[in-house]
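There are 2 protein chains.
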Amino acid sequence: MSRKWVYFFANGKAEGTAQMKDLLGGKGANLAEMTNIGVPVPPGFTISTEVCKYYYDNNRSYPADLKEQVESLIKELEKVTGKGFGDPKNPLLVSVRSGAAISMPGMMDTILNLGLNDETVKGLVKLTNNERFAYDAYRRFLQMFGDTALGIPHSDFENALSEMKAKKGVKLDTELDADDLKKLVDIYKGIYEKYGKEFPQDVYKQLWGAIEAVIWSWMSERAIKYREINGIKEGQLLGTAVSVVTMVFGNMGDDSGTGVCFTRDPNTGEKVHYGEFLPNAQGEDVVAGIRTPYPLEKMKDMLPSAYDELINIMDRLEAYFKDMQDIEFTVERGTLYILQTRNAKRTSQAAIRIAVDMVAEGLIDKKTAVLRVQPSDIERVLHPKFDDKERKNAKVIAKGLPAAPGAATGKVYFEAHKAEKMVEAGEKVLLVRPETSPEDVGGMNAAEGILTARGGMTSHAAVVARGLGKPAVVGAEGIFVSEEEGYLKAGDVVVREGEWLSIDGTTGEVFLGKITAVKPTGLEGPVAELLKWADEFRKLGVRANADVPRDAKVAREFGAEGIGLCRTEHMFFEADRIPKVRRMIVARNKEEREAALEELLPLQKEDFKGLFREMKGYPVTIRLIDPPLHEFLPNDEEQMTEVTKQTGATIEELKNVVAQLHELNPMLGHRGVRLVVTYPEIAVMQTKAIILAAIELKSEGINVMPEIMIPLVGHVNELKYVKKLVMETADALMKEYGVDVKYYVGTMIEVPRAAVTADQIAQEADFFSFGTNDLTQMTFGFSRDDVGKFLPEYFAKGILEDDPFKHVDTEGVGQLVKMASDKGKAVKADLKCGVCGEHGGDPESIMFFATTKLDYVSASPYRIPVARLAAAQASIKYRS
Amino acid sequence: MSRKWVYFFANGKAEGTAQMKDLLGGKGANLAEMTNIGVPVPPGFTISTEVCKYYYDNNRSYPADLKEQVESLIKELEKVTGKGFGDPKNPLLVSVRSGAAISMPGMMDTILNLGLNDETVKGLVKLTNNERFAYDAYRRFLQMFGDTALGIPHSDFENALSEMKAKKGVKLDTELDADDLKKLVDIYKGIYEKYGKEFPQDVYKQLWGAIEAVIWSWMSERAIKYREINGIKEGQLLGTAVSVVTMVFGNMGDDSGTGVCFTRDPNTGEKVHYGEFLPNAQGEDVVAGIRTPYPLEKMKDMLPSAYDELINIMDRLEAYFKDMQDIEFTVERGTLYILQTRNAKRTSQAAIRIAVDMVAEGLIDKKTAVLRVQPSDIERVLHPKFDDKERKNAKVIAKGLPAAPGAATGKVYFEAHKAEKMVEAGEKVLLVRPETSPEDVGGMNAAEGILTARGGMTSHAAVVARGLGKPAVVGAEGIFVSEEEGYLKAGDVVVREGEWLSIDGTTGEVFLGKITAVKPTGLEGPVAELLKWADEFRKLGVRANADVPRDAKVAREFGAEGIGLCRTEHMFFEADRIPKVRRMIVARNKEEREAALEELLPLQKEDFKGLFREMKGYPVTIRLIDPPLHEFLPNDEEQMTEVTKQTGATIEELKNVVAQLHELNPMLGHRGVRLVVTYPEIAVMQTKAIILAAIELKSEGINVMPEIMIPLVGHVNELKYVKKLVMETADALMKEYGVDVKYYVGTMIEVPRAAVTADQIAQEADFFSFGTNDLTQMTFGFSRDDVGKFLPEYFAKGILEDDPFKHVDTEGVGQLVKMASDKGKAVKADLKCGVCGEHGGDPESIMFFATTKLDYVSASPYRIPVARLAAAQASIKYRS
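Listed in order, the protein sequences are those of chains P and V.
If you read the first sequence in my numbering, its first letter stands for residue 1001, the second for the next number, and so on.
If you read the second sequence in my numbering, its first letter stands for residue 1001, the second for the next number, and so on.
Check before you lean on any hint, since a few could be wrong.
No copy is singled out in the list; a pair is fine if it fits within one copy or between any two copies.
[Stated by the list, open to error] Listed next, the in silico DSS-like pairs over lysine-lysine satisfying Cα-Cα at most 30 Å (straight line):
#1 Lys1580 to Lys1789
#2 Lys1806 to Lys1720
#3 Lys1818 to Lys1233
#4 Lys1519 to Lys1553
#5 Lys1797 to Lys1489
#6 Lys1828 to Lys1818
#7 Lys1421 to Lys1645
#8 Lys1823 to Lys1806
#9 Lys1877 to Lys1806
#10 Lys1797 to Lys1823
#11 Lys1797 to Lys1590
#12 Lys1389 to Lys1489
#13 Lys1818 to Lys1853
#14 Lys1724 to Lys1225
Keep in mind that the hints were calculated from the coordinates and are not lab data.
Bound-form chain P, shown alone (with noise of 0.2 Å):
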């Protein structure tokens, strides 16, 4: 009862199929399937992951008929190719590889050339008149079985390398002739003899300790922890199987020859066969760079036959794997092997391109188009991205945080007003500061890009940023700011105002100088057409993060679906608002506070006008007042005597108010529906401004559907208590003009007792928008504006694997947001629940949040295509 152990394959015709990568491996199951479907791989034997099973279940045996299958097998290898396993005249040469059903890169590497002796060697030389690569094979073959079959210390063999090139003078092994690797040979049996090892001149000797080592790697330190560490159970996997396979060599004459091709082009997605071949050459030749290849298309006339059978290959591949395929190949003496094909890697602008193609081609559905681009793709062919030529020549001065994609160059300036002005003067400006604050915001806009010193990916120069689409790099704690002498400090590097510097916001790069930026293609073309077919599988809503009709603007033609956040204080900071608010500040009692809301109303109704116009119908929630009001107010001296004149403070007073609005934690204090509950009148203002601006526009005929949010809500009294303000401001005034507007009241989740008590809230809310930013910070107790204390450290020391306030953290504030929104809509099954926090814009973390019932993510506008795609990939793996 004799049972099968390996599994042969060669000419067109296997005993395994890509089915069986259990008992096979992944590459097992690969070279059987490509034999199968009659690509020429190099005939060999697989053995299967039950003899490692075996291996370790009996004690380190191995099955009783297991040798007698490999040397029968080592037969057939013989029989197919014409050569023999140790014959000096024709040597058969094998490669023996490792390989689990899951690929494993903790295990052993390869084996190749074995077969090679002191006897083999010289046949070699014959057969490829070529004495100095026979024995190059041979000593590499020497090092690689003392390493990983008897285990010498890899060092050893390199060192002797190293002293024979010094001997020699020379830098590189290309320039050893065969003599010196002839004496390389007999210093790397010494090497052997040093450690007490025979190196064994009997091939099947060899063969066997191969196999053994690669058996023995399966239990290796390595590959034990690369399991633990990856979540492989134990008992998930048999073991390792063990391929074996018959060498080619590609310089065996001019009639040989090796090269790597793509089925389309890797950089743009073109559908061109498009490759390189360097004739009479092995792999090595081409890495080592000592010859540059031809293109693919050289092949046709030098090997003509093998060039048609390869293109053929190329287009089965293809179409077989149903991907763009790289594939590596080598002709020996006339005939073509395939020694790998796999799905390529592309540029961005390929992966769309390609995916789009093959639907029209027929070759995937549009589920699998959507599914093979990455969201990170989309993100890069709509924002400018360096020349990669210049870029790999310039200097890296910093790495920061890549809080906003793309790549921005010009010159640095580090203040906004003369940013601005220099912007307007012609210049191509970088905005660098130590950190922004909301008086920048006019020199963001006007930048191409925003570098700053402090703060996260939450910070305030990353948020606004990301809403304006400028690239940004944020908190490179590597570089020192000096505003007032107008220099950064980077190292030893010091750039003055007016230099030119560049930034990559995809990396979270700093260079020196210029670069020139490709720029984007826009959402036309490929690109929207995938992105047409993610909405058709999307379940998950997609609104914007806008507070001007600008960005609802950019939002719309991007395809958001709404406005999922309106942060109204952002229109605060306006010229021509800025003193008013002030004055609300300052106000010295509730008249005077409402004196200069009453001014407020009409600014703040057209800002909410112009937005309901964009959106034309579909829902715009609208976000009160949020931050502490100290940061209407400036600190400096000088800026306090502008606000008196503003506001007809005296200088006393303001520097009273500001003393009277400092704060230990800020981020804890006064602000969201606290400053409501203290000033109610303000909320009042803001409910007059949403509700005479819709109900203005209802009669000129445009639907309008406002949702009024309170933030910061942690207890549902607060929200009841705004509410009802709310409500009877917005009653009155639909009662006074006779005019009926459907509005929604909700609330902000993102205190995490309100994610606790979402069952008392949602009684209360028509919507939960969950602002994962701060539920982030207090969940976790990390203030966005201070972890770049000791976060690094975290990182480091693999205490935390990310920022969480890139990718929301699944396990605890994930939790959060699942416990409510469950919470909530078993109070309330029609509650709309989203997110508006920056992960609603974060691929990674939208895939989480398809998993709970949220209805909808918001992100800010020149992140809704990525979040397009997302939630379509999402909906499609979690929903379907």
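Keeping the supplied structure of chain P fixed, place chain V upon it in accordance with the hints.
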């Protein structure tokens, strides 16, 4: 098939019992019960609550047979009293009162003297020989009846009375004579006419009018609102009962009188008959204060037989109700009537003594005694209190939060150092500060008490004062403190350095001048006895928050069963350490930091030895360093110069360190476990100090149980990282010294994420200790330093009822505590869980914690006795 609607009581026999509250209301059932046990209650009857229900169920009509039943009982009343209802010669007068099964202050007032009219009033004059009394009774009845039965505004009567007094040029009602009152009766009748109402001379019309008024009051807006607020559901009560009781008069001659008595001394609790008596008088005469009552003993001479009966009844009532009674009585022509008995109010001292005495007397059991004393009683007797009279006469100039109980009086000083010096010079000092910081601790300890202008219940001043057992009032927002100029201002009052001021930390009041403070009794006698019983019932452990041996000693004396929180950083502020701590902070590299830590090690070790010695084998939970490092550095130039001397750093370096340590939200910044992740050497030093202390004491034969606690953990990996560090350090030391110390490693749960992921964290923790101060801050998003700006408005608007820093927020924060202990114990059944936040000493919070799976609470030493009682009560209520 007639039904019984009315229940009679008279002469030792009643148709109702104490158990019939649902039917007769609390008042009616009590009158019936007293009658049944032979207490001479004035006869009367109660119309059952079913009548009220019938009335509202039947379109506001009475049962057909009610009239007959009521009127027949009036006849009965006439029979037993020998008086006639409406009989001018000997008029039967009655009171009519409402009363539901649950006491409801929202309902109707009593109508007294019903049965008076123009004729019967003359009879009353003759009977009492007191025209003034009779007409005063009549005009009062007119007023009560007009107001409650006919809806005539109360103010009309009051205005008429005021006018009369003005005309006569007198101030008190009692200064009006009989003629004035006769005129007032006429004027009152005019008011009836003005509103188109007629005062019924027919006494039966009076009676039915009063009954209807009571039944109507059940559905008054006031009563409905009251039931709503107090969660009394519709249908839970049938309605109100109506009690009709014969009026008795103590002013019918020298054989009459009135008084109030207590079955024990309500001030001391001594078991004596105690009370006051006034012959030939009505209760109102006592209230009006025109005649001074005699001590109860006087009655023995004046009305010996009534006195003997009263003493007998007092004893019987106390024995019957098993609690000290407060009894109102009237003697009418030699006959004693008990008008009311209820559980008497008493001082805290009396409450404790009575509870303990009654157990000795066999009147109640220990459990009842433990439940009967309020935790606040314990608090009061253990702290100094002001002399009552002096206090009453003192001027309150401000009110703050009652942060630490007890009374304190002293000369005010505004600087901690100065305060210390003045105490050394023999002064009694009250330390007054805008707010306190760690440098003030010396002065706080020296002072009699502490007053601050800013800060909440968990501010530094409040926490430290409670720890020191010093009375404190904090956050007295009305006062302004000028440190520099040495004065405080409250309204118009200015108090300068060296002037006397007094504070009551139990009420939050601030008094001008000196008030004698009476020393507390201490933990002995009845208090000690009661707490011993409390410990017998208590299932929740009580530990102490204590940082130094002195506190630990107090804690043990007060009955703590271990230390639940030792804040190691508090030791860092001592004069001999702070320079070393600062050297550690300004260290330029790890080596310098380790050198500074090396110097701190022996000092910390001695600290821990001191604590372990006091706690004699009880667990001692030691929290590793928690606060942000900037708290250890000064901000002003002068002190900085001092620090440069201490540390060897230049002023520039120091300023740089201060700038680097600056945080926008220090509460959510670089502190707790985050410090240890960046500076592991601090944790190593602290662990060494703990383990070495334990090793050295073990060699002295002293048992130790250290629990090493990691603060601010939000992610299991943080705990994992530090635990490894702690264990490696501890294990190395134990190996080195060959001594085995059993120690535990656990974590604070104070970050919401820790509560949410408690199942993960429990896998690494030996114990959880809930830091409910920080957990409250982060769950609400309330900075305890900044809530003063908006919380008052929250209370005023009814958004929050309680300060969540004082009483744990059971619906939000409490749910996280519950979730975390449930999740933690599900993973690890023997996970020890406690609370070490300030809520651990708050009785109301302890009641909540007893409903969760917590094992113990930890409180500041002076709150231990309170916590022991509260925990016992909670255990009896929720875990028996």
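Here's how the hints hold up against the structure:
In the homo-oligomer, the alpha carbons of Lys1580 and Lys1789 lie at most 30 Å apart only across protomers (23 Å), although the nearest pairing inside one protomer, at 37 Å, exceeds that limit. Taking CA atoms no more than 30 Å apart as the test, Lys1806 paired with Lys1720 passes between copies only; the shortest distance there is 24 Å, against 33 Å inside one copy. Proximity of Lys1818 and Lys1233 under a CA criterion of 30 Å is satisfied intra-copy only: 28 Å inside one chain copy versus 33 Å between copies. With identical chains, the CA atoms of Lys1519 and Lys1553 are at most 30 Å apart within one copy only, with a shortest distance of 21 Å there and 74 Å across copies.
In the homo-oligomer, the alpha carbons of Lys1797 and Lys1489 lie at most 30 Å apart inside one protomer (28 Å), although the nearest pairing across protomers, at 53 Å, exceeds that limit. Proximity of Lys1828 to Lys1818 under the C-alpha cut-off of 30 Å is found in both arrangements, the shortest distances being 15 Å within a copy and 25 Å between copies. Proximity of Lys1421 and Lys1645 under a CA criterion of 30 Å is satisfied intra-copy only: 24 Å inside one chain copy versus 49 Å between copies. Taking CA atoms no more than 30 Å apart as the test, Lys1823 paired with Lys1806 passes in both settings, with 26 Å inside one copy and 28 Å between copies.
Taking the shortest alpha-carbon separations for Lys1877 and Lys1806, only the intra-copy value of 22 Å comes in at or below 30 Å, while the best inter-copy value is 48 Å. With identical chains, the CA atoms of Lys1797 and Lys1823 are at most 30 Å apart between copies only, with a shortest distance of 27 Å across copies and 36 Å within one. With identical chains, the CA atoms of Lys1797 and Lys1590 are at most 30 Å apart between copies only, with a shortest distance of 17 Å across copies and 53 Å within one. Taking the shortest alpha-carbon separations for Lys1389 and Lys1489, only the intra-copy value of 26 Å comes in at or below 30 Å, while the best inter-copy value is 72 Å.
For the homomeric pair Lys1818 and Lys1853, the shortest alpha-carbon distances inside one copy (7 Å) and between copies (25 Å) are both at most 30 Å. In this assembly of identical chains, the alpha carbons of Lys1724 and Lys1225 lie at most 30 Å apart only when taken from different copies (19 Å versus 59 Å within one copy).
Checked against the numbered hints above, the structure breaks none of them.
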